[in-house]
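Peer 1: Okay, here's what each chain looks like letter by letter:
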Amino acid sequence: RKEVEQDPGPFNVPEGATVAFNCTYSNSASQSFFWYRQDCRKEPKLLMSVYSSGNEDGRFTAQLNRASQYISLLIRDSKLSDSATYLCVVNLNDMRFGAGTRLTVKP
Amino acid sequence: GAVVSQHPSWVICKSGTSVKIECRSLDFQATTMFWYRQFPKQSLMLMATSNEGSKATYEQGVEKDKFLINHASLTLSTLTVTSAHPEDSSFYICSAREQGNQPQHFGDGTRLSIL
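Chain order of the listed sequences is A and B.
Residue 435 is where the first sequence starts when you use my numbering, and the numbers rise one by one after that.
Residue 414 is where the second sequence starts when you use my numbering, and the numbers rise one by one after that.
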């Protein structure tokens, strides 16, 4: 089983849609969790940390379920500029990246 | 926000050349730096983890004698690809982290093309 698993997509959605990404991790001792976005041929950039209580940053909402070892990212009112690959990242002693979920937002 | 600078951003060189890539944390002290490689349309692959002042820990399958990592200070780590060959052509990305549970911040990446 992979340490971090994500649905690779691709997700193709119209502008304004709400889209949700899921991620599961295998090591229950994992301590911190993040979502990164990576644009084509660019480095990953931190989108947001994920907290047990759930957290929101504008149109983005992240949730963590430690019991199920599950992380989610919800994007509301999708913009064209949201098109990217979204990486789920789990940290224990070092960070482990999911393979990423590709999102394309179309006009 | 935290800034990590990586240099050079693009390298094209002949087979057999050794290539050195620098990774600097500009506004924080990075106790740990990471080196990744990413082939087209594939996910990031961790190559090695380095802590300042100690030897790097390499992932399985990564040759430590081919990919030399030096983390001499809290703000600088270098990756040297020795005797590079076309199969080493890839996108190499470094990242730096201040403390254990903090997120990593990535450099801009280096596109290495070996002819």
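By construction, these hints were calculated from the structure, which means they are not laboratory data.
Here a beta-carbon is modelled for each residue, glycine too, at the ideal position from N, C-alpha and C.
Watch out, some of these pointers could steer you wrong.
What the hints assert, rightly or not - Heads up, simulated DSS-like pairs for lysine-lysine below, C-alpha to C-alpha not over 27 Å straight-line:
hint: 1; chain 1: B; residue 1: K468; chain 2: B; residue 2: K479
hint: 2; chain 1: A; residue 1: K476; chain 2: B; residue 2: K479
hint: 3; chain 1: B; residue 1: K427; chain 2: A; residue 2: K479
To be verified - Sample of chain B residues lacking proximity to chain A, with all beta carbon distances greater than 12 Å (derived):
hint: 4; residue: E435
hint: 5; residue: Q451
hint: 6; residue: L487
hint: 7; residue: S496
hint: 8; residue: N514
hint: 9; residue: I527
hint: 10; residue: L528
Peer 1: Does each hint hold? Answer for all of them.
Peer 2: Hint-by-hint comparison with the structure:
Note on B:K468 and B:K479: the hinted pairing holds, with a Cα-Cα distance of about 15 Å set against a maximum of 27 Å. For the hint pairing A:K476 with B:K479, the CA-to-CA distance comes to about 25 Å; that is within 27 Å, so the pair holds. The suggested pairing of B:K427 with A:K479 is violated, with an alpha-carbon distance near 31 Å, which exceeds 27 Å. At the 12 Å boundary, the C-beta of B:E435 stays outside the reach of chain A, the nearest C-beta of that chain being 15 Å off.
B:Q451, annotated as away from the interface, has a beta carbon of chain A within 12 Å; the closest lies near 9 Å. At roughly 18 Å, the least C-beta separation between B:L487 and chain A is larger than 12 Å, which holds for a residue marked as non-interface. Non-interface call for B:S496 relative to chain A: holds, since the shortest CB-CB distance, roughly 26 Å, exceeds 12 Å. With a minimum CB-CB distance of about 4 Å to chain A, B:N514 fails to clear the 12 Å threshold, and the non-interface call is violated.
At roughly 18 Å from the closest C-beta of chain A, the C-beta of B:I527 stays outside 12 Å, upholding its exclusion from the interface. At roughly 20 Å, the least C-beta separation between B:L528 and chain A is larger than 12 Å, which holds for a residue marked as non-interface.
In summary, the structure is inconsistent with hints 3, 5 and 8 from the numbered list given earlier, while agreeing with the others.
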